[in-house]
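Student: Generate the whole structure from the sequences, applying the supplied hints.
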Amino acid sequence: MRARVVIATFPHASDLLNAVRRARREMLRVYDVYAPFPVHGLDEAMGIRRTRLPRVTLIAGLTGLCFALGFQYYANVLDWPINVGGKPDNTTLAFIPISFELTVLFGGLATVAAFLLRTRLYPSKQPWLPAAGVTDDTFAIVIRRPSGDEIHQRALALLTECGAAAVTESEADL
Amino acid sequence: MDNLPEGVLETRWITGSPTLKQVTDDISRPMEGKPGKLWYVLFGIAVLGLLDLLAMATWLVANGIGVWGLNNSVGWAFDITNFVFWIGIGHAGTLISAILLLFRQKWRTSINRSAEAMTIFAVMCAGLFPLLHMGRPWDAFFIFPYVPNQHGPLWVNFRSPLVWDVFAISTYFTISLVFWYLGLIPDLATLRDRATTRIKKAVFGALSLGWNGSHRTWSRYEIVSLILAGLATPLVLSVHSIVSMDFATSLLPGWHTTIFPPYFVAGAIYSGFGMVLTLLILTRSSMNLQRYITIKHLDSMAKVLLLTGSIVGFAYATEFFSAWYGGNIYERYHFVNRATGPYAFGFWLMMLCNVLAPQLFWSKKIRRHVGALFVISILVNIGMWFERFVIIVVSLHRAFLPASWGMFYPTVVDIGILVGSFGLFFTLFLLFIRFAPMIAIWEVKGVVTEQAHGTHVAVDTHVIPGSEAPTEASTEARTDAQAGDRP
Amino acid sequence: MSDHCNGAPDKLVTLGARRAPAYWKSPEELRDGPSRRGEFPGGLPALRSLTSEPPADRAPGAPDHAGEPADDHDGTTRRDFLSIVGFSATAATLAACRAPEQTAVPLPVATDTMVAGVASYYATTCGGCASACSLVVKQRDGRPIKVEGNEASQLFGGGTCAAGQATVLSLYDSERLRGPLWQGAPTPWPRLDEEIAAGLKAAAAAQGKIVLLSSTIHSPSLREVIARWGRQFPTFRHVTYDPVSASALRAASAQALGRPIVPHYAFDRARVIVSLDADFLGTWLSPVEFARQYARGRSLDRPASLHVQFEPGMSVTGSNADQRIAVAPSALGAVALALLARIARSAGEPDAAAASAADPIDKALLDTVAAELWKHRGESLVVSGANDVAIQLVVHTLNRLLGNVGKTLDVDRPSLQRQGDDAAMADLVAEMQRGEIHALIIHGANPAFDYSDGPGFAKALSRVALSISTADRRDETSAAVTAVCPDHHFLESWGDAEPVTGYLSLAQPTIAPLYDTRAFAESLLRWLDDDTSHYAFVREYWRSHVMPRQDQLTTFDAFWDATLERGVLELAPAAGATADAPAGAAGVDWRPAAAAIHEDLQRAPGRDDRYELAVFESVGLRAGGHANNPWLLELPDPISKVTWGNVAMIAPRLADQLGLRGGDVISITTPAASLELPVFLQPGQHARTISVALGFGRQAVGKAGNGVGGNAFPFTSVARGARRMWADSVAVVATGRHEKLAGTQSHFDMEGRPIVLETTRAELGKPEAAEELPNLWNERPQGEKSWGLSIDLDACTGCSACVVACQAENNVAVIGKDQVERQRIMHWIRIDRYYHGAEDNPQSLHQPMMCQHCGHAPCETVCPVLATTTSSEGLNQQVYNRCIGTRYCANNCPYKVRRFNWYNYTGNPRFDYHMANPVGRLVLNPDVTVRSRGVMEKCSMCVQRIAAGKTAAVKRGTPLKDGEVKTACQQVCPTDAIVFGDLNDPKSRVAQRASNERTYRVLDDLGTRPNVSYLKKVRHGQPT
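Protein chains in written order, with this note's numbering: chain A, 437 to 610; chain B, 609 to 1095; chain C, 238 to 1261.
Among the clues, some could well be false.
Unchecked claim - Using 27 Å as the maximum straight-line C-alpha spacing, the simulated DSSO-like pairs for lysine-lysine come out as follows:
(1) 973/B <-> 904/B
(2) 1253/C <-> 1203/C
(3) 977/C <-> 1198/C
(4) 696/C <-> 438/C
(5) 1187/C <-> 1224/C
(6) 561/A <-> 808/B
(7) 809/B <-> 642/B
(8) 809/B <-> 561/A
(9) 642/B <-> 629/B
(10) 561/A <-> 629/B
(11) 1054/C <-> 523/A
(12) 645/B <-> 904/B
In short, the hints are calculated from the structure, not lab data.
Tutor: If you want it as structure tokens, here you go:
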């Protein structure tokens, strides 16, 4: 849904962090922050909850493990038992390396897939850039434009105080 | 860059304090401007090697394995030696990007990207050999457990280390590739946004998956990186352990050894770091990136070489000891033959390069002398190739029945394919440093910002939120003191 | 049989009248239709053979297709083709079946018509060498593909030798002559016969000498033909010439017994065998028979026996001797004399002193040997391969004094295996040089190559007005003759043989002649204006001469059919043979011989830098007759393990003195001859003697054999009327060149590993408790059978027949010198040979090594694609079409018995041996897959034979009997060293052997649990 937003750009990560903290203290709704590298401390400042992606890894990994063990057992014992060097059909020890590899494979791929889905990243997606250079040397805060005018003015003031290089307003799909 | 003040070298991973813009510009310059003469020279040589590989491989597949020097006694030689060698090379990349990440080693940021690329290309080279060494490469698909059909027995032999290899190598390659690409995404976005030509815009636009630096994404991104690192670390250990089982699970004297998995992993890291060193020394000068790949990076890698080299040396000693102590006549003969037999030169060369050469790194002077580092890194590569050669050929050529003892003499094709694999590797690598950001721009920015501000405002990009190593604090403090360019 | 044979002609006529049918060569072709134009040179053998016989013995109405163009069969449609296959299959079996009297009787089961894909067996006689062993030939779809020994034969049993095994490949030699030549140009037989008849008339008119120069002829019927020639032409004479002859032995017997004979030896009756350079287990006289006797005589249920061998170079026989003493060829006489002196003394012979000379070797040893001989009077045997009348006379005297004559050697029913007369040959050559010979017929001989003075012979040949050769190719001799009238290969021909007096065998064709050749006997008859066919003549001869000498069967047809089926016939010695009995009781005066030997010894010893050279028949090529046979060229010499060429064997010590390494090329020179050969360091070689194998160095034998090795015949000379097979005052000079030896084994030391285990007769009976190796896993369910092999290392002589037999049975590829040098030999069974003891007098060990069919096979676990697994019957099986060639299995095989196809060895011009040409491929066994490039292969324990045996048993409805299925290596073994069978059946021979106290398994401490077990080598009594 289209919404009006206030975009403040910062040259320095430190000011940015500061601005985020204060903006939230001022009950301004910080929609997101854009930075050329992950600025540490923002998670707490923005109050982002810890992601649940690790669970995906765990489940996928276990699936891989079970599949590998199950398949090898099926192939060697149930489907086509055959005398190989006089060994028993079910040589579980020999199945372990493959099982491990598939655990890792499933876990890894599933995690990345989940990440891309969750963050809606896909090839040739047209990115929405709040300001030029957020992938280079600029940091930007995007705040929902407050309804009340006087709050809005306070917000702009606050951002400028915190050292925003520029504060603009625009519309964006949020 | 060696003329920079010692203090700076001591403490800083990036020389000077470039602005974020400078970082972007410096690192993207090779991709936007023209590379140095050296690059063209190296690339020319590499392509020649690649052509040689194509020619030799064609000849091989057209005529049969007979064009190699193999025989009834020695069924594997250069082929599997090269395979193990290249797989080993690959491991350093994963180690740097994953293990060092877990250990929060900041110095990795300048080198992990190229190291990971090296991993991928090395694994590609390695993957070539299992295919080429088959008597009937066109039937290679037999080795996959595909849906039962008329091709003989239904499934593959899950007891065979070669099948383990198939799974290990392909998993390793996939995960490495994904990890590498994931790391590239933010930089691709950066490049996209500074791209001038339409083609570049299109390409980077497509590859960067619409990345826009949103911090909500960044925070998940970091977790995913950590998870992958956590997966890749045991993976890299497992891969070379499995490769070593190709030998350890057989009953040949010299192969049938329980020490092989750790021994091979250490060797892999050793050879990998050797190769990383070689590459970085070439790259930083051919791409003028001394600022980001500093002597300090080289120095740290030299230390790793010293450590792993010593582990390898210890493994050699252990082998000999258990051969003597175990009292198995075949085992015992094998090791006597290793050191005194017709291939003794290979053994002693390996001792020289893998055990003695790294010991030089006890001296700081040598660790910080680019020339010396380069020479030794080459020695390491040679030594590790010969280690595999000795293990494979010397074990095979004199096994149990003296009546079937023989010798292996390489042919032109053997050597041609070995050389060619280097051609393939360097072609790919040189293309990479020409057309992709060979240093992780966004990670360096993290480090740079940190150096500049020194406080914990912006810190290492990969610290799990809320957990800080106390040692780091002190480091930072020192950093600031000497940097002295705080606003 | 006549009834079903009557059907044949009509079928033949109808088909034959339509088109000369194609002849298929492989199952592939049977399925895919006939192959390219000209693939089968000479067009259609089957049909021509059936129809081009002279009218006399052709069924009325059968047309003559002799004139049909060779390639007429091209473009046969598939339907024609298949019908023709049916025909030619039938026709080939009934090759002689058109007229009732031409029945070739299959053995063991007489089939009236041959079913494609079902093998039939024919008894015949081997033409591979002068021994004339009795054979049974396996014929599949009209092609002989394997020869085996005829177990009905009392002499030879079921065994054969390497050369015999390979004869079937010589049949398919694509370089045989396609037809007769007159003055080098192809000429139809009728014209040729006119020319020759004219030539003979001219010779007869001019009272010119007509000579038949032939190798030993065992065939009584052929001898009858030759006798006729004698009657026809007063100036005719028959000279028998063997390149390696027993001439001196015959001459000695002539002096001692009044008859020029070769005694028939019985090594099995001898408890003490003393051999003076007679390689009776390898090549001498009748190796298969002797090996059989030898093994029987030394079997452990017999009292301990002793075998002492005096010889210059290590021979197969020497490698088996209990005591082997290296002596120079020049010293052999002295050794014989020294023994004679001692024996004579013991025998109280007057003036025994005359024999005494300076002992050439350790006196004590001679005393012991003499003592042992004397102790076992009547059950000892002294033989000598020295072609020297004096020595042979001394040896004969030794046997007489020891009372062996009539016991361990039979002079009443002598051997007829080598009748060559060197003196007669020498005279003939002289006459030829003087131009006194008008017509010369050369049969089975190649003097231009193997005579002492080959070129001289060739030159002399040019002075003969009419020279005729029956060679199957333009060899060194036949290149220079007026007419070449190629004889059949023995597998294409009728015939008979009498290798030992009273032991007859028949020969029958197992395939119609491939080319336009004609039986030698038939040619001889033609030139006497006699149109009788060879077949008719043989049959007639047996009716008139042999039939009367037996009394079992009354009608000739029955007798003929029975004999033909059985293949062999034993007769009481013909009256008069034993005229001068008791043979050799009254001894001849041996003093002249002793004097002669003394005289030789008096000759001043040569300079220090002069050596002696001994030449010997090679086990594979023999005297050179098999020199174009790829199997034999690639057969590792049983001693040196070198293939594709001969070497100069010298003592390691001498090599050190001369600063030579193995492979260094030396030039060996005598005033008479010179030769350059690579050096081979041979343990046990006499310190000052160089040994060189004969049979190599052919120049005009074919693409495989030309220029392989060097010809050592020029070093021989004629002395005292016999060919002296050694030379003295030989100069040796290093040329500085180095040659890679194509050896299959480079390391002869066992490195103290428990690989070949030995025991002694003393230790037998007190076995040490062998601890049972634990099994890590539960036993897997087993099939009802569990196949296994047991190999008796005490019986194995290392003769290498099994290697060729396996190659023939299993389509093992020939890969050539270069590939062998690269250690890529493909043989599924190899014979590992180890030495231990002193380098100058080592003990030798032979160990046949093939896939051990491990219960816990290391090769199987590592194969990624399950291309090798264990069958329910304990076979380790290789699945060619699944194999992707990682070679991991071969690396992990502790026995190194797996063989990889480094290249495509079939139909590949780069490996232009028999498998690269369509004729050569005829020898392939249709029951065994021909392996493609890039796959692993190995011994299958002849799984195809097991399958065939099971099928037969099922058809029969009775269970498979023990010994019914034999592996190729087992069947060929003259000493019965290899036994195959079911380990689950406690009564089977293999199971009983497996429980023998000598049984052990190689490297089983690795936990491989092989199904192949070995019986320890037993060291027999040493002279005390």
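Student: Now look at each hint and say whether the structure bears it out.
Tutor: Consistency of the hints with the structure:
1. Restraint check for residue 973/B and residue 904/B: satisfied, since their Cα atoms lie roughly 12 Å apart, inside the 27 Å limit.
2. A distance of roughly 22 Å separates the Cα atoms of residue 1253/C and residue 1203/C; the hinted pair therefore holds under the 27 Å criterion.
3. This hinted pair does not check out: residue 977/C and residue 1198/C have alpha carbons roughly 49 Å apart, beyond 27 Å.
4. For the proposed pair residue 696/C and residue 438/C, the alpha carbon gap of about 24 Å is at most 27 Å, so the pair holds.
5. With a CA separation close to 18 Å, the supplied pair residue 1187/C and residue 1224/C stays within the 27 Å bound.
6. Annotation: proposed proximity of residue 561/A to residue 808/B holds, straight-line Cα distance about 15 Å (limit 27 Å).
7. With a C-alpha separation of about 19 Å, the suggested pair residue 809/B and residue 642/B falls inside the 27 Å cut-off, and the hint holds.
8. For the hint linking residue 809/B to residue 561/A, the alpha-carbon distance of about 12 Å falls within 27 Å, and the restraint holds.
9. A hinted pair counts as satisfied when its Cα atoms are at most 27 Å apart, and residue 642/B with residue 629/B qualifies at roughly 20 Å.
10. At most 27 Å may separate the alpha-carbon atoms for a hinted pair to count; residue 561/A and residue 629/B meet this at roughly 25 Å.
11. Annotation: proposed proximity of residue 1054/C to residue 523/A is violated, straight-line Cα distance about 41 Å (limit 27 Å).
12. Annotation: proposed proximity of residue 645/B to residue 904/B holds, straight-line Cα distance about 26 Å (limit 27 Å).
Hint check: violations occur at hints 3 and 11; the rest are consistent with the structure.
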